[in-house]
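Colleague: What follows is each chain in one-letter form.
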Amino acid sequence: MFDISTLHYLVLGAALFLLGVIGVLTRRNVVIVLMSIELILNAVNLNLVAFSRYWQGIHGASALHGQVFAIFVITDAAAEAAVALGILIAFFRNKETVNVDEVNLLKW
Amino acid sequence: MNPPVANPYFFYGLAAVMIIGGILVITRKNPVHSAMALITALLAQAGLYLMLYAPFVAGVQIILYAGGIMVLFLFVIMLIAIERNMKERQFNKQWLVGIIAAGALGGLFIAVYTTTTQGRVLFPEGRVSYVESDNTQRVASLLFDLHGGTYMFAFEIASLLLLVAIIGAVVMAKKRI
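In order, the protein sequences belong to chains Z and L. Number 177 in the numbering used here belongs to position 58 of the first sequence; there are no gaps in the numbering. Number 130 in the numbering used here belongs to position 118 of the second sequence; there are no gaps in the numbering.
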């Protein structure tokens, strides 16, 4: 039976990363921009875990650095989501909109 | 060793679920629909982690990502009024530039992944299947072990980061400080 190589996971990760980039660059809704950032972080996580398995094949079963990094990335994603959504609530309270194009409070 | 339960066709199924979920996230008008599609993609990704012999990361993905972060997203979506936003234009005027930039990035990815050095692609085959049963212990010994805990300091820094994030989120969302 054929096998799934590391490259398969990398290509899937690249596709998800590109979807996230398109979402960040083209959408106007802040919530969906934040979700696209989550997509990007998940693409990176997938790459890290795939590399971790590849690295295990070279350095033995304890070489799990990629998985540890993936856990740290998930921690960062949680912190980022909490702060970003707090900012979003504060912004919505002031401007009554969630449109990225209207985030120009510094301009007054 | 027994052959794994998940045969290679599982990869294509889960990958298709992830790609379709990602496309739905960036195209739906209603943020709630986007969040549901993202949860589906995250759960499919947890399945891919299981195929990569990473059960601990898969569990963290389901509990923390699909269960924690996405619930936070849904809460915020329901706290803000989305009705007015759903009547507006959903894509900005730079969508053509965005597509071109993403296409350039995709071309870069393709160029990197098809590069050959001495006739070999950059990431050759060479995986070994390990049993999952001691994966969590090995991750824990990388994080916590007094003698081999390579990432103990980084773990403490992560806890500090979470504390700062909690304070920041409370300060940001509070009406009057």
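Read the hints as simulated data drawn from the structure, not as lab findings. Where a beta carbon is used, it is the ideal one built from N, C-alpha and C, also for glycine. Hints should not be assumed to be uniformly reliable.
Stated by the list, open to error - Where chain L lies over chain Z, by a calculated footprint (3+ residues, C-beta under 8 Å): (1) 152-166; (2) 178-192; (3) 195-206.
Unchecked claim - Covered by chain Z, according to a simulated footprint, are these stretches of chain L (three or more residues, beta-carbon under 8 Å): (4) 27-39; (5) 47-61; (6) 71-80; (7) 96-110; (8) 113-127; (9) 146-156; (10) 172-182.
Colleague: Please list, smallest to largest, the hint numbers that this structure does not respect.
Modeller: Hint check: nothing fails, all pass.
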